Amino acid sequence: GESVGLHLPTLSVQEGDNSIINCAYSNSASDYFIWYKQESGKGPQFIIDIRSNMDKRQGQRVTVLLNKTVKHLSLQIAATQPGDSAVYFCAENDQAGTALIFGKGTTLSVSS
Amino acid sequence: AAGVIQSPRHLIKEKRETATLKCYPIPRHDTVYWYQQGPGQDPQFLISFYEKMQSDKGSIPDRFSAQQFSDYHSELNMSSLELGDSALYFCASSGRDRDLYEQYFGPGTRLTVT
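Residue numbers (our numbering), protein chains in the order written: chain A, 1 to 112; chain B, 1 to 114.
The following block holds chain A by itself, in its conformation from the complex (with noise of 0.2 angstroms):
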């Protein structure tokens, strides 16, 4: 299952699918960009970041790409289990220090 193109603020996958999860940013001069994972009640936790002279970046079962052209992140997650189900956030930054601007968030369902 995946979200192409638009932010969708829902996405509904069954467990071994692989999930993509895009956002759009907004300042052509952020450096920096970040993925966070919320689950309910819980502080948002991070899973990968990339910077800016990347297009792309691997974890352990996720991928984040970069496309600057089109000011374009997203996150895919292969293998989607249960315990992916959570709101994913991309979240920006343009200097070291400062505030990470969040975008909005996608709240993902696995099913089994």
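If you're looking for bench data, these hints aren't it; they were derived computationally from the structure.
In this text the structure is predicted, and so the values were computed from the model without any measurement.
Take the hints with a grain of salt, since some may be wrong.
[To be verified] Here are the simulated DSSO-like pairs of lysine-lysine, each with C-alpha atoms no more than 27 angstroms apart in a straight line:
#	chain 1	residue 1	chain 2	residue 2
1	A	Lys-71	B	Lys-15
2	B	Lys-22	A	Lys-42
3	B	Lys-57	B	Lys-15
Dock chain B against the given chain A, drawing on the hints supplied.
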């Protein structure tokens, strides 16, 4: 590994009362950030401190103030509370021991104003 600690975890106040939220950053982190998250909303930046000095300011109401102490913990003081202040308040910290860009969030304080 030690994480960001926030207290209290839950707080119920009445309108026009005051509230103080506390944040203890990850050891050796010198920068603290405060965010407010309303129901179903994305976190909104309020204010940040680096080495006990205010470093960045966002959409923090004039009724709110904050400071960072010599041990790097921070407190967010909220006065004349309004119903609209009901939200989750997160503290995040960053430091030069890892990467100043990386902000690690605490579990949050849920404030309910009645």
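Is it true that the CA of Lys-71 of chain A sits at most 27 angstroms from the CA of Lys-15 of chain B? Violated: Lys-71 of chain A and Lys-15 of chain B sit about 42 angstroms apart, past 27 angstroms.
Is the Cα-Cα distance between Lys-22 of chain B and Lys-42 of chain A 27 angstroms or less? Answer holds: Lys-22 of chain B to Lys-42 of chain A is near 16 angstroms, not above 27 angstroms.
Pairwise hint evaluation, Lys-15 of chain B against Lys-57 of chain B, where the allowed Cα distance is 27 angstroms at most: holds (25 angstroms)
Going down the numbered hints, you'll see the structure goes against just number 1.
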